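All chains, please: the whole structure from these sequences, using the hints.
Listed below are the residues making up each chain.
Protein chains: 2
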Amino acid sequence: MPYEILTKETIVDYLKKTESMRKFFSSFDALDIEEVGDGNLNFVYKITNQKQPTETVVLKQAVPYLRCAGETWPLSKERMNFEIMALETHKELHPEGIPDIYHHDKEMSLVIMRNLNRHKILRGEMNQGKIFPQLADHISTFLARTIFRTSDWYLGSHDKKESVKQFINKELCELTENFIFTHPFYNASSNSYSPDLTPEDINYIHKDGRVRIAVAELRHRFKTGAECLVHGDLHTGSIMVNETDTYMIDPEFAFYGPAGFDPGLFIGNLLLAYVAHGYRQEELLKRDPLPYRTWILDTIVQTWEQFVTKFNALWEAHIIASQDPFWHYEGALADHEKLRQNTIDGIFRDAVGFAGCEMVRRTLGIAKVSDVKEIEDTEARAELERLSLQIGKELITDRQQIKSIQEVIDIATRVSPLTTTPVASVKCC
Amino acid sequence: MPYEILTKETIVDYLKKTESMRKFFSSFDALDIEEVGDGNLNFVYKITNQKQPTETVVLKQAVPYLRCAGETWPLSKERMNFEIMALETHKELHPEGIPDIYHHDKEMSLVIMRNLNRHKILRGEMNQGKIFPQLADHISTFLARTIFRTSDWYLGSHDKKESVKQFINKELCELTENFIFTHPFYNASSNSYSPDLTPEDINYIHKDGRVRIAVAELRHRFKTGAECLVHGDLHTGSIMVNETDTYMIDPEFAFYGPAGFDPGLFIGNLLLAYVAHGYRQEELLKRDPLPYRTWILDTIVQTWEQFVTKFNALWEAHIIASQDPFWHYEGALADHEKLRQNTIDGIFRDAVGFAGCEMVRRTLGIAKVSDVKEIEDTEARAELERLSLQIGKELITDRQQIKSIQEVIDIATRVSPLTTTPVASVKCC
Chain A
47 MPYEILTKET IVDYLKKTES MRKFFSSFDA LDIEEVGDGN LNFVYKITNQ KQPTETVVLK
107 QAVPYLRCAG ETWPLSKERM NFEIMALETH KELHPEGIPD IYHHDKEMSL VIMRNLNRHK
167 ILRGEMNQGK IFPQLADHIS TFLARTIFRT SDWYLGSHDK KESVKQFINK ELCELTENFI
227 FTHPFYNASS NSYSPDLTPE DINYIHKDGR VRIAVAELRH RFKTGAECLV HGDLHTGSIM
287 VNETDTYMID PEFAFYGPAG FDPGLFIGNL LLAYVAHGYR QEELLKRDPL PYRTWILDTI
347 VQTWEQFVTK FNALWEAHII ASQDPFWHYE GALADHEKLR QNTIDGIFRD AVGFAGCEMV
407 RRTLGIAKVS DVKEIEDTEA RAELERLSLQ IGKELITDRQ QIKSIQEVID IATRVSPLTT
467 TPVASVKCC
Chain B
47 MPYEILTKET IVDYLKKTES MRKFFSSFDA LDIEEVGDGN LNFVYKITNQ KQPTETVVLK
107 QAVPYLRCAG ETWPLSKERM NFEIMALETH KELHPEGIPD IYHHDKEMSL VIMRNLNRHK
167 ILRGEMNQGK IFPQLADHIS TFLARTIFRT SDWYLGSHDK KESVKQFINK ELCELTENFI
227 FTHPFYNASS NSYSPDLTPE DINYIHKDGR VRIAVAELRH RFKTGAECLV HGDLHTGSIM
287 VNETDTYMID PEFAFYGPAG FDPGLFIGNL LLAYVAHGYR QEELLKRDPL PYRTWILDTI
347 VQTWEQFVTK FNALWEAHII ASQDPFWHYE GALADHEKLR QNTIDGIFRD AVGFAGCEMV
407 RRTLGIAKVS DVKEIEDTEA RAELERLSLQ IGKELITDRQ QIKSIQEVID IATRVSPLTT
467 TPVASVKCC
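As given, the protein sequences belong to chains A and B, one line each in that order.
Under the working numbering, think of the first position of the first sequence as 47, with each following residue one higher.
Under the working numbering, think of the first position of the second sequence as 47, with each following residue one higher.
One should not assume that every hint holds.
Chain copies aren't distinguished; within one or between two, either way the pair holds.
Result set (DSSO-like, lysine-lysine): computed pairs, CA atoms no more than 30 Å apart in a straight line [what the hints assert, rightly or not]:
1) K152 with K92
2) K414 with K92
3) K123 with K176
4) K176 with K332
5) K54 with K211
6) K62 with K216
7) K384 with K253
8) K211 with K137
9) K384 with K216
10) K384 with K166
11) K123 with K97
12) K449 with K384
13) K69 with K92
14) K62 with K384
15) K356 with K419
16) K123 with K211
17) K166 with K54
18) K216 with K449
19) K97 with K332
20) K152 with K449
By construction, these hints were calculated from the structure, which means they are not laboratory data.
All of these numbers come straight from a predicted model, not from anything done at the bench.
This is the structure:
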């Protein structure tokens, strides 16, 4: 059907006209429809048959503007096509961590999928101090599979290039280019600064030419490094969890980009959570901060190290199975191991830089993280933001020198020691 | 009209049916039609009105197979679309160095363009020892303009991504991936070795794991570094010259790739010529080799240095004119200069590696260069090939350490001293 924006009132009619939904719902006369979108880009509804509560779905529809900015910021609703294509690709590569898709409609820019009603958004759960022991295992598997299996390291040249073409995602890439790599790094009108952040704090980022140069390089890498299909927005708000499962959702930013982008954003968000829990644990949750913050840092280390192990294993197995004559000689496997190490080193450098950009943009840019933003004590909040800026800046400017994930942890714990709520000493330039 | 392969017999009918050609030729009854293709990929005809010899064109038609390999090697004739699009883009950016296009026909996979009958292929001219004092100036201008103005450094994000999509050139990229970056580096059946090249000479490349690793990295860079529209095959056989002009032709390999690719291929071919003239000058042209070989090396240095100057100037002017707020603060221009330097260093490293790959693939791979291949003394030829392999290998494995174009020259003159016909001392691994 031609595009129209669905409302709570018109959704039932749409479902009735949709064959797969007629099979899914045993009746349509007692549907509970709740709008649950975070309000940034799309409308998201949870739809449940009150007579039969196991009959429940999520309907997500894109509207032709940036929802959080209003109708004056047009954004093509075709972005939903990228989400649908990415969900399908991810589902194939990592079935246990992607919700089932029941129906999609490109004209209507909508998708109907499993309601993960036994799962919650990771960011909210982490804000409550909950631990997910399998998080690193699940995320690293998702990263290794999706990065490796959509890349030139695995795919044939034609298939990979066709995929690059399909995933030319102009509009949402441009949002990232602006809101992660550009606006937060100068005094752009779209930025927002929390009340107790001082001009000196902001200048700590804005008046350091090394930051400007490094971010321009990272932005260029983002724009040109067509290595693999990246999720494009893999923060803790795009991940749904419970004790046993980890789901990746909302891949509308998916495009062919640098392999370090998804790990970088994920690590950046965990570091923001690490900083936030320097306050949250003692002040809000009334706990010793050590165990939870240690879990966060362990999760960062484990995610990266397990990603490396899994990515390596996939690639090595592929080289052996493919009998590629280029890698078929005495000593080839040892040489290939060096190539993998060099490649992983490059992914790591990118990831470190992207993590730093994420920390800065979530502090100075338009889109904050609730981890920090929710904190009502504005002085304490500004203090956490200072720490985020300090860690973020160091990751950005020193990414070429940082050689291991442990060094990233060392930076985080030097700036914000594990056991205390520290005071950042911010020095500009 | 539907696709058919034109022949000398059917060309006249085709021209008569083509409006622009009816205007171009005052009569069709005395056309001289000569097939002049190099035979690798396409059919190329020079068509001249014998009654009015200024009425002359070149017609180039793609056939649905790799011409040099025969009909058993299918190759989509749609490759001509990439040549047409690239010619149009290049013409807009560098009008003085691209032939006028009179007509193109995507269904017929053909283009009719100016017959550069006062110009000759640079490779043949250099084989004769001719000097083109403006070559470096012209090539560096072409490189700076086409690299800068098709890149993210200049274009808006949407325009650049649209261009990337248009130039997804699967088949011809795959040829490059195979014939430049893969087959020459192991004992592939498509390789061909000149008679006096010994197994030890070949193993000097094939049995060195450092080469294998570095070439895999360069291939990955070729496949993923979507920086700008590259010509894709800028060797001295794709350049037509006379005393005053330099034309770039045959851009059917055009795609979005790393900025270092075109400079690298060009420099690699000049280095092959430099090596060849260690023999050609004394033995074939009966001259002191010093002046000509010095001109070649000067041309390499000048091409790179002038490229850097021109690329820098275009980018700096653009940043100033665009008033990009990201680069609008006290000290911004000095910071941007550092960014440009870092960027150019990266382009240079890539270019050095690609130059090395070109030297090796033109020696061990299927497609030779006449500079060396024409030499009938097979022992002398093998000696030159050894020198090419030695220089090529050093550029490939040491590309990260080579910091300036002068160091490239130093490697070339160390391996093959300027004034003598030297003996290579090839050591494996």
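How the hints compare with the structure:
1. K152 with K92: within (20 Å within a copy, 50 Å between copies)
2. K414 with K92: Close inside one copy (25 Å), not across copies (65 Å); limit 30 Å.
3. K123 with K176: Classified as neither; 36 Å inside a copy, 59 Å across copies.
4. K176 with K332: For K176 and K332, only the intra-copy Cα distance (14 Å) is at most 30 Å; the inter-copy one is 83 Å.
5. K54 with K211: neither (36 Å within a copy, 38 Å between copies)
6. K62 with K216: neither (34 Å within a copy, 44 Å between copies)
7. K384 with K253: Between. Shortest inter-copy distance 16 Å satisfies the 30 Å Cα cut-off; intra-copy 39 Å does not.
8. K211 with K137: both (20 Å within a copy, 25 Å between copies)
9. K384 with K216: Answer is between: at 29 Å across copies they meet the 30 Å cutoff, but 35 Å inside does not.
10. K384 with K166: Intra 40 Å, inter 46 Å, cutoff 30 Å: neither.
11. K123 with K97: neither (33 Å within a copy, 61 Å between copies)
12. K449 with K384: both (16 Å within a copy, 23 Å between copies)
13. K69 with K92: Answer is within: at 18 Å inside a copy they meet the 30 Å cutoff, but 67 Å across does not.
14. K62 with K384: The answer is neither: 57 Å in one copy and 61 Å across copies each exceed 30 Å.
15. K356 with K419: Answer is neither; intra-copy 35 Å and inter-copy 47 Å both fail.
16. K123 with K211: Result: close both inside a copy and across copies, 19 Å intra and 20 Å inter.
17. K166 with K54: within (23 Å within a copy, 72 Å between copies)
18. K216 with K449: neither (33 Å within a copy, 36 Å between copies)
19. K97 with K332: Cα proximity of K97 and K332: none, with 41 Å in one copy and 98 Å across.
20. K152 with K449: neither (44 Å within a copy, 51 Å between copies)
Violation of the numbered hints given earlier is confined to hints 3, 5, 6, 10, 11, 14, 15, 18, 19 and 20; the remaining hints are satisfied by the structure.
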